[in-house]
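J.: Listed below are the residues making up each chain.
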Amino acid sequence: MDGFTLTLWVLRLAFLALIYLFLFFLARALWRDLRASAASAVRSLGRLVVLVSPEGQPPEGASIPLDAVNTLGRDVNNSIVVEDQFASSEHAVLTFRGRAWYVEDRGSTNGTWLNGEAVGSAAPLGFGDEIQVGQVRFRLDRPLTESA
Amino acid sequence: MTASRAWRVRPRLRPRELGLLIVVAATLFCGWVSLASTEAGELALGEPVVLLVYLGLLALLHFSFVLAGRRMDEVLLPAVGLLGGLSLLLMARLPQGLVVQSFAGRELGLGPLQLLWLSVALVLLGTLAIVVRSDGWLRYYKYSWAAAGVALLLMVFVLGEETNGARLSVSLGPLTGQPSELLKIILVVFLAGYLADNRPLLARTSTNLGPIALPPVPYLLPMVAMWGIALSIVIVQRDLGAALLFFSVFLSLLYIATQRVSFVILGVLLFLAGGAVLYNLFDHVQDRVDIWLDPFADAQDTGFQLVRALYAFGRGGILGTGLGAGLPSVGNNLAIPLLHTDFAFASLAEELGLLGGLAILALYLVIAQRGLRIAASAADDFRGLLAAGLTLVIVIQAAIIIGGNAKLVPLTGITLPFVSYGGSSLIANAIIVGLLLALSDQGVEPPPPRRASRRERASDRARQIGGRIEEALS
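Respectively, the protein sequence lines represent chains G and L.
1 is the number of the first residue of the first sequence in my numbering; add one for each residue after it.
1001 is the number of the first residue of the second sequence in my numbering; add one for each residue after it.
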């Protein structure tokens, strides 16, 4: 094997090696990125933003972090207390079941409304959907995450 | 953005992108020397101008991103840059007379033409990434976009010219383009808008068909319409690849939006049923499937392309023959017909071997990961679906054509994103990556609040009146 052929093969192998070096750097960048975002991930599953609240409890514009089960109503034992004259004491329940959010009415007097439609048994909802309890309107939003 | 607000320019360094681009430059330079030396028979540089122009463009993009100061993804540009560079290496070594177009009195061969298209594509990518700051122009006009898409499709049906047995190209004056490349972007924009608006309704079940839960019937119509469009593309345009791509992207987005496996099963069943009917009715569908099942049955005629591609994979082995040393061309004929468009992957796999082929697959995986990350951290449903859909277009297209090259799925004539020769394809994919970069900016305008529907506003008013009556009575 003469010198030129050898050089050529070295070049060819170097080319492949450089492609893999590039892939290695890419993989490292992706890994760091994932680790960073995992570290900064907020434990909350979502949040409820208060859009309209005539009686100020909860205050308009508030962003309430959500757990897997959240009860809404006028009673102080609810996880989200809605002080509104049209809200029942045990009004609605908002649950995260595995991979999707559901809202359910708990036999309230004035009903629970999802995007303007009355909610009967558990109705699925997604981020961006609006819930109305009494005169208070909420929007379900994604949990806040720190930008990576 | 109002004109009165000053354009704030606060440069933001992008060290990760710079580092990756330097590795890309070193890699491509090494490949270029290896190619030129193989062709010259001694250590040579060939014509480094082509490569230098390309690397210069990448550098220009990087520095304009730095100056623009947006917090954008830093991995997509280098990944796309390497794919484009591999394409340049491939086109530079094929017979230059394969495609000749004259611009301003100068005849350009395959290599320079691909450089020209890559430059146009990169400039477009950079412009979109820097300029697009709000998604309103996509979000609010989804039906207009859909109408434009249908118009484009009809234009192809009526004016389309046959290339390689498929009606794809449309000539408008001096320009020839393949509108189905743009159509895939329009499709994603429309689907993202439609699904983001109707997601809760689609996810609700009201009709049950045996074990399969169906959404309310009116919301099924777009699904049936999509299926019809895909079938009509196969029948009228004879473009199996585009049909397969559109339908797969549609089903994936439907699944992402509703998280219902039943829709996907239903869609696949519909697709299989349609495929079976088409197989029996149309010769070109039947040919494709027969070639896929046994390319050696008619190896000199219909199966020729695929047989040659399989030989190319075999010749490549693990390390490949080396750039320029493969057999993509015998004299001035291509060993594999349509090597520069449909079989770009087979020829790269021949010259770079199994390792090179796997590396190309890995690059598409990286694009998939970045795109889906952008989708997952998007601020609302529309942006998430848009980013996911755009990513899936690139990745599914690459999967379909690479699978076709390797006799994994029936061969359909679509391009390998960023690698195949072709202006329409490069530009469409550059638009996609440009939009993804713009969407990845964490600091863009927040999505607009949901507008309450008319029914919602009416029920609000009714409830207020009811409340007042109740107050008066008590």
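Wrong hints could be hidden among the right ones.
Claimed, not checked - Output of the computed footprint for chain L on chain G, the stretches with three or more beta carbons under 8 Å from beta carbons of chain L:
| # | segment |
| --- | --- |
| 1 | 28–35 |
| 2 | 58–72 |
| 3 | 77–83 |
| 4 | 86–97 |
| 5 | 123–134 |
Claimed, not checked - Restraint ranges, calculated between C-beta atoms of paired labels, are given here:
| # | chain 1 | residue 1 | chain 2 | residue 2 | range |
| --- | --- | --- | --- | --- | --- |
| 6 | G | F96 | L | G1069 | 34 to 40 Å |
| 7 | L | A1273 | G | R32 | 45 to 51 Å |
| 8 | L | L1013 | G | F96 | 35 to 41 Å |
| 9 | L | P1218 | G | A39 | 44 to 50 Å |
| 10 | L | P1095 | G | A39 | 26 to 32 Å |
| 11 | G | R28 | L | V1277 | 48 to 54 Å |
What the hints assert, rightly or not - Simulated crosslink set (DMTMM-like; lysine to aspartate or glutamate; CA at most 25 Å straight-line):
| # | chain 1 | residue 1 | chain 2 | residue 2 |
| --- | --- | --- | --- | --- |
| 12 | L | K1407 | L | D1290 |
| 13 | L | K1142 | L | D1301 |
| 14 | L | K1142 | L | E1471 |
| 15 | L | K1407 | L | D1283 |
| 16 | L | K1142 | G | D141 |
| 17 | L | K1142 | G | E104 |
Hints listed in this document are in silico derivations from the structure and should not be mistaken for laboratory results.
Note that the Cβ used here is the ideal one computed from N, Cα and C, for glycine as well.
J.: Looking back at the numbered hints, which does the structure fail to meet, lowest number first?
T.: Numbers 2, 3, 4, 10, 13, 14 and 17 - these are the hints that the structure violates, sorted from lowest upward.
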